[in-house]
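J.: Heads up: the protein sequence lines correspond to chains A and B, in order. Using the working numbering, you'd call the opening residue of the first sequence number 15 and step up by one each time. Using the working numbering, you'd call the opening residue of the second sequence number 40 and step up by one each time.
Hints in this document: simulated from the structure, not taken from any laboratory. Mixed in with the good hints, there may be bad ones.
What the hints assert, rightly or not - Chain A is nowhere near these chain B residues, computed Cβ spacing over 12 Å in every case:
# : residue
1 : Asn-52
2 : Ala-93
3 : Ala-216
4 : Ile-234
Unchecked claim - Mimicking SDA-like on lysine to any residue, the simulated pairs with C-alpha atoms at most 20 Å apart in a straight line are:
#  : chain 1 : residue 1 : chain 2 : residue 2
5  : B       : Lys-79    : A       : Val-167
6  : B       : Lys-99    : B       : Leu-163
7  : B       : Lys-99    : B       : Leu-68
8  : B       : Lys-99    : A       : Ser-187
9  : B       : Lys-209   : B       : Ala-178
10 : B       : Lys-99    : A       : Asn-127
11 : A       : Lys-190   : B       : Ser-73
12 : B       : Lys-99    : A       : Glu-131
13 : B       : Lys-162   : A       : Arg-137
14 : B       : Lys-221   : A       : Arg-168
15 : A       : Lys-151   : A       : Asp-117
16 : B       : Lys-221   : A       : Asp-117
From the three backbone atoms N, C-alpha and C, an ideal C-beta is built for every residue, glycine too.
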Amino acid sequence: MAAVCVSRSGETVLTCNPHLPPGWAQEEVSTGTTIMAVEFDGGVVIGADSRTTTGAYIANRVTDKLTFIHDHIFCCRSGSAADTQAIADVVNYQLSFHSIELDEPPLVQTAANLFKELCYRYREDLTAGIIVAGWDKRKGGQVYTVPMGGMIVRQSFSIGGSGSTYIYGYVDSSYKPGMTKEECLEFTANAISLAMERDGSSGGVIRLAAITEAGVERKVILGSELPRFTVS
Amino acid sequence: MVTGTSVLGVKFNGGVMIAADMLGSYGSLARFRSISRLMKVNDCTILGASGDYADYQYLKQVIEQMVIDEELLGDGHHYSPKAMHSWLTRVMYNRRTRMNPLWNTVVLGGFYNGESFLGYVDKLGVAYESPSIATGFGAYLAQPLMREVMETKPDLSRDEARQLIERCLKVLYYRDARSYNKFEIATVTEGGVEIEGPFSSETNWDIAHMVSGFE
């Protein structure tokens, strides 16, 4: 039954049914997002913005979209906040169990395939675009992307989320193979900053992490320190 | 979801050749530009898929496992191209009937007992064999070109088949907005399977100089 109409001021207001939740609460909570991961020799750099939206309202402006999966494996989440959190929880459990069975650190490819199994099997019910990145002894730094639909592909770098559309040109022109960790961090920060500038669903701070054999190094880039490209 | 465009297939004297570009499109976005849409099933069969890439990866996994399981039986038998095609048709039709299709159009090529095989199966379970096959845009642009050549000269040499395929791929790159100029070609003959690539077409834009304005 219709519950909303547009008032003279342009706002959507409740009319017939006061028992239904308001417009913004009918929107799913989404990690609108810009996420990114880059491989380098010895590890990976991952990055994300920090905005979670419910429609046009910013529900969380300091979100952490870089999610721990295992000691040397993280994932970047985009799409529905609920779906991606639930999936990450399941994979975290499965991988932890698997690692104990193996008595060895798990492979990034294994983690990525666990994501794929869930995202493909339940593709009709999920809205999740996930980038899995980490380091393992066998293949070093690896980035695997599991977009909506549930395919899996390894890439030397990957971007995702609604903000990524604005930076395809930037990353295609700026990426060079064989970058160092520092160059990767700069590349990632610049790309996410540009996306946050143009995408309404991305914003806040830039969260970065570098994953190597030594472990995980986290960084946050706040408002005034964000890379700037235009004066206005 | 990520999709692949046309797959082409052509029979020649002594084998079969199939080709597909290496693009995974996300709507109109050319998102993944280095993915393979061709696979070797076994020494006498090759397969190419257009449509949903996740569903192709699933099919690939299932088929690869089937081939392993068959090898483990150790009876020396391998799935013939015709058998694979028949099996695939049943799978696709069954999924369609359960209203949960594998959203692909598959081209299956093979060489078995001295005979070339080229078959098509789609998400509805429609299946047929033909001397030349093209899916997607290829059905409109490449198939007429292939048929024109093959109707006058049904027995192509391997080189002639290669040239025909490359000509078709060029046209598809010119006219299919969801194509990419990077492709692979898989060939199956008595000697086995070869997947070559990546290649790119030489394109000619000279006609651009002949046009100015719109009237």
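J.: Taking the hints in turn, state whether each one holds.
T.: Status of the hints after comparison with the structure:
Against chain A, the non-interface label of B:Asn-52 holds: every CB pair exceeds 12 Å, the least being about 37 Å. Not every C-beta of chain A lies more than 12 Å from that of B:Ala-93, the closest at about 4 Å, which undercuts listing it as non-interface. Listed as outside the interface, B:Ala-216 is consistent with that label: its C-beta sits roughly 17 Å from the nearest C-beta of chain A, beyond the 12 Å cut-off. Non-interface call for B:Ile-234 relative to chain A: holds, since the shortest CB-CB distance, roughly 18 Å, exceeds 12 Å.
As the CA atoms of B:Lys-79 and A:Val-167 are separated by approximately 19 Å, the hinted pair is consistent with the 20 Å bound. Note on B:Lys-99 and B:Leu-163: the hinted pairing holds, with a Cα-Cα distance of about 19 Å set against a maximum of 20 Å. For the given pair, B:Lys-99 sits about 24 Å from B:Leu-68 by alpha-carbon distance, which is inconsistent with the 20 Å threshold. This hinted pair does not check out: B:Lys-99 and A:Ser-187 have alpha carbons roughly 33 Å apart, beyond 20 Å.
With a C-alpha separation of about 14 Å, the suggested pair B:Lys-209 and B:Ala-178 falls inside the 20 Å cut-off, and the hint holds. Only pairs whose Cα atoms come within 20 Å are accepted, and B:Lys-99 paired with A:Asn-127 is accepted, the gap being roughly 15 Å. Using a Cα cut-off of 20 Å, the hinted pair A:Lys-190 and B:Ser-73 holds, with the two alpha carbons roughly 17 Å apart. Simply put, B:Lys-99 and A:Glu-131 have alpha-carbon atoms about 14 Å apart, close enough for the 20 Å limit, and the pair holds.
Restraint check: the Cα-Cα separation between B:Lys-162 and A:Arg-137 comes to about 17 Å, which is no more than 20 Å; the hinted pair holds. This hinted pair checks out: B:Lys-221 and A:Arg-168 have alpha carbons roughly 18 Å apart, not beyond 20 Å. The suggested pairing of A:Lys-151 with A:Asp-117 holds, with an alpha-carbon distance near 14 Å, which does not exceed 20 Å. Restraint check: the Cα-Cα separation between B:Lys-221 and A:Asp-117 comes to about 43 Å, which exceeds 20 Å; the hinted pair is violated.
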